[in-house]
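Chemist: Here the protein sequences line up with chains S and G, keeping their order. Going by my numbering, the first residue of the first sequence is number 1, and it counts up by one from there. Going by my numbering, the first residue of the second sequence is number 1, and it counts up by one from there.
In short, the hints are calculated from the structure, not lab data. Predicted, not measured: the structure shown is a model, and the values here were computed from it. Fair warning: there could be bad hints in the mix.
Below, a sample of chain S positions facing chain G; criterion: calculated Cβ distance under 8 Å [stated by the list, open to error]: (1) V25; (2) D26; (3) N34; (4) F37; (5) A50; (6) Y58; (7) L61; (8) E119; (9) S123; (10) L124; (11) F127; (12) Y144; (13) S162; (14) V166; (15) I179.
Yeah, the Cβ is synthetic: ideal placement off N, Cα and C, and Gly gets one too.
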Amino acid sequence: MDYRGDIFYIEQVLEGKINAFSYLVDKHKDKAFNLAFRICGNREEAEEIAQDAFLKAYRALKGFRMKSRFDTWLYRIVYNTAISLIRSRKKGILSVEDFPADAIDFLTFHPNEEEAENEFRNSLVSFALQKMNEEERALISLFYYDEKNVTEISEVTGISKSNIKVKLFRARRKMTEIISKVEKKNTVYNEQAGSV
Amino acid sequence: MNKQDQYEEDILRQYINPERIEKAPEGFTAKTMTRIRIETQSVKVHRRLFRNPVVLVSVIITAVLILAVVFIPANSSESIGMSVLKWAGDPKISFPLLDFKPLPDLGLPGWGIYALIGVLFLAFFDKGLSVIFKKEKN
Numbered sequence: 001m002d003y004r005g006d007i008f009y010i011e012q013v014l015e016g017k018i019n020a021f022s023y024l025v026d027k028h029k030d031k032a033f034n035l036a037f038r039i040c041g042n043r044e045e046a047e048e049i050a051q052d053a054f055l056k057a058y059r060a061l062k063g064f065r066m067k068s069r070f071d072t073w074l075y076r077i078v079y080n081t082a083i084s085l086i087r088s089r090k091k092g093i094l095s096v097e098d099f100p101a102d103a104i105d106f107l108t109f110h111p112n113e114e115e116a117e118n119e120f121r122n123s124l125v126s127f128a129l130q131k132m133n134e135e136e137r138a139l140i141s142l143f144y145y146d147e148k149n150v151t152e153i154s155e156v157t158g159i160s161k162s163n164i165k166v167k168l169f170r171a172r173r174k175m176t177e178i179i180s181k182v183e184k185k186n187t188v189y190n191e192q193a194g195s196v
Numbered sequence: 001m002n003k004q005d006q007y008e009e010d011i012l013r014q015y016i017n018p019e020r021i022e023k024a025p026e027g028f029t030a031k032t033m034t035r036i037r038i039e040t041q042s043v044k045v046h047r048r049l050f051r052n053p054v055v056l057v058s059v060i061i062t063a064v065l066i067l068a069v070v071f072i073p074a075n076s077s078e079s080i081g082m083s084v085l086k087w088a089g090d091p092k093i094s095f096p097l098l099d100f101k102p103l104p105d106l107g108l109p110g111w112g113i114y115a116l117i118g119v120l121f122l123a124f125f126d127k128g129l130s131v132i133f134k135k136e137k138n
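Build the full structure now, drawing on both the sequences and the hints.
Modeler: Given below as structure tokens:
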């Protein structure tokens, strides 16, 4: 990531050139949106969260310390915005039985096997994430999608490093269990489909 | 990291591909920048408004009038303002009574209503004139 580039554009914005901020938005929008999406599980809400986060970042840019990374600072804003939103609306947690059967159908009948497998895995990951709480979703997303280490995750979430290690371990174990259960269900489904 | 950790991580890595992130929708940057520009504009207008001496003087006069209404004692019962005045040594703040017979004999709070109606009337009159002159200018 071109970190110097970020500093240059931040300085431009602080000098009053608002358009320079569009460079920062353009560069970080996908990662910010992905983090918001993985936490809230809804594209419309994720867009709102990501936009709010950029707006908050713009307002608080004067207080940004140039020594730290802009993306880590931005992710922290996205994380806090998303967590606040999720906690304000309580949603029921899905059960393994709720995994959409059409996703399994898609895997079974799609002509391109590799593409179908990827799609299936993607929906399985989304499903497994929705079964976890918002903090676990954020940790998994930061660790696997953004490939952040424990120190960086701690900076984003404000949780201590030792606590991150414990929570991350539990989240990964939980996610593995969910995926294994759905995979088992999928195997049974395929066997039944094959025998018909 | 122990073996169990590595095993679990490997399993999840098979499913989670960092390159397969959910991308921001089309026009995300433009929408965000529009929101930022709107906010910047409103902040500028707000700042400009208070830099204008007319607005500043009006705000000060309004504040003084509001304080006067609060502190002028009511005719019979004692208000909070009255007790504050008493505490401050009763400086006997009063406004001169107007010796103008067509107008009713009212104290300041009563006059305030007439003044407010007058100000609103003048504001509408001013707005009307500015619309007319703007049209002519264009």
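Chemist: State for each hint whether it applies.
Modeler: Hint-by-hint comparison with the structure:
no.	hint	verdict
1	V25	5 Å, holds
2	D26	5 Å, holds
3	N34	4 Å, holds
4	F37	4 Å, holds
5	A50	7 Å, holds
6	Y58	5 Å, holds
7	L61	11 Å, violated
8	E119	10 Å, violated
9	S123	10 Å, violated
10	L124	6 Å, holds
11	F127	11 Å, violated
12	Y144	4 Å, holds
13	S162	15 Å, violated
14	V166	12 Å, violated
15	I179	6 Å, holds
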